[in-house]
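Engineer: For reference, the chains in residue letters:
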Amino acid sequence: MSPLLFGRRAIRSLATPGAPDVSGGRSLWQDARGRFLRNRAAVTSLAVLVLLVLFVLFGDILAAWSNEEIDWAMLGNVAEEGGPSFANGHYFGVDELGRDLFARTVQGTGISLMVGVLGALVSMVVGTLYGAVAGYLGGAVDNVMMRIVDVLMAIPYMFVLIVFMVVFGRSILMLFVGIGLISWLDMARIARGQTLSIKNRDFVEAAVAIGVGPGKIILRHIIPNLLGVVVVYATLLVPSMIIYESFISFLGLGVQEPDTSLGALISDGAGQMQYGTLWQLLFPLFFFVTTLFAFFFVGDGLRDALDPKDR
Amino acid sequence: MIYYIARRLAVAVPTLLVLIIVSYVLMYTAPGGPFDTERTLPPEVMANLQRKYGLDEPLVVQIWRYVVSIVTEFDFGPSFQYTDQTVNDVIRQGFPVTLTYGAWAFVVAVLAGVSLGIAAAISHNSLLDYLCVGISIGAQVLPNFVLAPLLTLVFTLWLAWLPGGGWQGGHWSYVILPVIALSTSFMASIARMTRSSMLEALNADFIRTARAKGLPMRQIVVRHALKPTMLPVISYLGPTFVGMITGSVVIDVFFATGGIGQFFVNSALNRDYPVIMGITILAGALTIAFNLAVDLLYAWLDPRIRY
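Chains A and B, in that order, are what the protein sequence lines are.
For the first sequence, my numbering assigns the number 1 to the initial residue and increments by one for each residue that follows.
For the second sequence, my numbering assigns the number 1001 to the initial residue and increments by one for each residue that follows.
Bound conformation, chain A alone:
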């Protein structure tokens, strides 16, 4: 719940005397939900996301083959017989090694989603805490902390991330850590900016007056009021995390076999397309594009619903 916005609403209705208070006693979040549900693109995208998650969770049950099993009957004539077919259980066809592409797409979508969501979560937690602390403490601490962010932001992150992957081994865990390490910078700036405007509010002053410590003020009073903006930005971060991950996996520097991600599948499919096995490119591509679209629209919907600035 947001005391800040209650306060603002109260002030606004005082400012226009006689205006009927349309919103009644609804809270910020009820308001936001109403706005979100009215946004048709966002609601559709949310449904698509739910379907994608179900696809990832239960796709393995539908799949007739596992993602590592090689269909020896296909090997050598993938281009002629490996196409999508319900008869032999390869719904999306097979890849160039005769593995079932449906099972691999399920796995790749799962890993891409997981990297995206976990990466955004890491950046949300780290960035919010960092920005809130810098903004609340202010002065020299703020200056030093934000200069560090400036310096880190000026570094071409993708190169450093690749160096990181080379040094610490190419695994999903390292990918998480590497992406998470870089992605909190924007979040820190946003959180700091919001904190600066919140920390002079009456309720923070009241908390200071009754002797609440800075740590508790940040956790109890500042961060809950940041959440709206942070959640919006985190939703929009998920697709960029997915793009980072796929970028690196596309180059062969990300997740390694037998694990796969959408970027790695697109790369494999692109490498094979001159042999006419287009399904290997187009199925992963479809899932990639659909996932990104869904996250962008949900993020936009949330922003319209939650971000007071753009109303």
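A portion of the hints provided could be inaccurate.
To be verified - Derived, one-sided and incomplete: chain A residues facing chain B with beta-carbon distance under 7 Å:
#: 1; residue: Y91
#: 2; residue: V163
#: 3; residue: A209
#: 4; residue: I210
#: 5; residue: M273
#: 6; residue: L292
Hints are computed from structural coordinates only; laboratory data are not their basis.
C-beta: ideal position from N, C-alpha, C; glycine also.
Chain B: place on chain A using the hints.
Structural biologist: Only chain B this time, still in chain A's reference frame:
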């Protein structure tokens, strides 16, 4: 203004140093070295090799020597993988290629993006406007590594108009696909940004004044609305540049142009530390220099900026 430049440089130099130190420390702590092969070398030979390349000294000494040789002689050391080449040779070989299509992509992204955005804003809520918005939403989900295979599929495999890779000394037909693949997503972002900031500018009071006194639309746009419109676009040029440097890695690898990104990925796969570091530092230095240039341009264009 001179103080401003000096202050920005005072931030830029430590940034580069941090970049060098971080990547050097990362490399130093890495398990496995450049001389690890399937056939294990005798320890004496290994020690000799390490001494030859100065890898047996303490970390601080190594970093110090590395920085000094870069600053004094512009020497990034020898490559571990391309036996007869130094890092400078590798950069000299790959960088012109990347620079060629990178510069084209940058120009295309900015010019096409700005024109599309302005056209969309002027004819607000028209078919052209919706087309522009549609393109910019679509391009969001088509990053370069998705667009590149699709372009090759259409223009190389189906239509057979353009070659799907290679460079051939920069013949125009080899440049087109890399440029489109690299520039499209940025063009879309720039178009979206230009459109919204042009719409905002066109609703401003001074534009209403200009209209009221009867100026033709063309003159209003070019003389009055364009400058405030360009400010957010200019501040987006920095991120565009970084994105293009990063994206060039994918383009180089996918189109096998022989550009710097191909060397970077090869070196990353083969633990060729000096080349990785050299390219990372080059990318960092370019980024910092470009951001500085953009900030100066911004300060020069917008008199409200205090520096």
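Engineer: Hint by hint, say whether it matches the structure.
Structural biologist: Now the hints, each set against the structure:
no.: 1; hint: Y91; result: violated, 22 Å
no.: 2; hint: V163; result: holds, 5 Å
no.: 3; hint: A209; result: violated, 35 Å
no.: 4; hint: I210; result: violated, 39 Å
no.: 5; hint: M273; result: holds, 6 Å
no.: 6; hint: L292; result: holds, 4 Å
The structure is inconsistent with the numbered hints 1, 3 and 4, although it conforms to all the rest.
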